[in-house]
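Engineer: Chain residues, written in single-letter form:
Protein chains: 2
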Amino acid sequence: MKHPLRQHIEEIIELTDEEFDFVLTHFETDKKRKHQYLVQEGEVVKKEYWITKGCVKSYFLDDNGKEHILRFAMEHWWITDYESFVKQTPSNIYIDCIEDCEFLYISFENRDRLTAQMHKMERFWAKKSKLGRIALQKRILSLLKNSAKERYDLLLEQYPQLFQRVPKKLIASYLGVSRETLSRLDS
Amino acid sequence: MKHPLRQHIEEIIELTDEEFDFVLTHFETDKKRKHQYLVQEGEVVKKEYWITKGCVKSYFLDDNGKEHILRFAMEHWWITDYESFVKQTPSNIYIDCIEDCEFLYISFENRDRLTAQMHKMERFWAKKSKLGRIALQKRILSLLKNSAKERYDLLLEQYPQLFQRVPKKLIASYLGVSRETLSRLDS
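Protein sequences appear in the order of chains P and B. Heads up, the first sequence is in UniProt numbering, so the first residue is 1 and it goes up one at a time. Heads up, the second sequence is in UniProt numbering, so the first residue is 1 and it goes up one at a time.
Certain hints may be false.
Claimed, not checked - 20 Å max Cα-Cα, derived EDC-like pairs, lysine to aspartate or glutamate:
id, chain 1, residue 1, chain 2, residue 2
1, P, Lys-87, B, Glu-11
2, P, Lys-87, B, Glu-157
3, P, Lys-145, B, Asp-62
4, B, Lys-138, P, Glu-41
5, B, Lys-127, P, Glu-109
Derived from the structure by calculation, the hints contain no laboratory data.
Work out the full structure, taking the sequences as your base and the hints as a guide.
Structural biologist: Here it is as structure tokens:
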């Protein structure tokens, strides 16, 4: 059976056995318990994570200490703070685990080296980055349209399993609505 | 003197004369008058534009026909509807010219061919795509924080020349505030 990361990459580009083995040497594994952090505000993010088990959230804290959720990610999604990771500047967000999690991760240096050496992996991440950009544009459209119903429908489309796994108060925070409004949308 | 597109690409990767000439064969030129469209809702977008002169806006219309501005772009910025262009699905936004404009553009097929043949150009656009994604994440943070002042400051940082070139009512639309609120922020 193929490695799950290979299956994932081969949704976009084909790899030989040797190529995938070479790719995999650039990754390491990590585990975190529920509530542990991947990224904290103020640190320069050095790793991009590919989730093999569990579910995480990225968010920022406003001046009143209120949490605003940027996105969720679960098995076979990539996550990091891309601004901090790409520019190697301090992060202004947090990423933490909603469940016990397991990851493959790649360091900034390894990712840069791998994409410089291997056109196929540059192409893979270029496509992923384009899709990430599209997801963010959809989020902006849904925020500007300012209808809680549309934001709810988009979330359901992007993360169908999320509603079984994530506490309702986090979903309400992502949508920017109260628990009461969420119950109305949910029914 | 180097071609402006070459200068622009070489901010990220180095090209030989032969390589740049090859890149340039994948582009064509176009002109549009003020108010003409690059993209209209419902069409599958076939081109990515690099602006050589002028200023454009991308926006969508809500159910009440109200215009919500997604972004602006001017000389040496890239613009298209990335969702429609990447997925080759119908667009749900508009892009039109705020001034008379001139462009270099690349078709979907030429961009795909060029990036497949030339690792350097894959790398160039991968980097551009990462930066685009970061700009959108910043916009989401500023929308969620929901302070008109922060949105104003971010716009000023991203497009310092914009305030001289674009009607105030478009800036108010981008920020999601009234003309009166904008005057207060502006003072």
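Engineer: Hint by hint, which ones does the structure fall short of?
Structural biologist: Nothing - there is no hint that the structure violates, so all of them hold.
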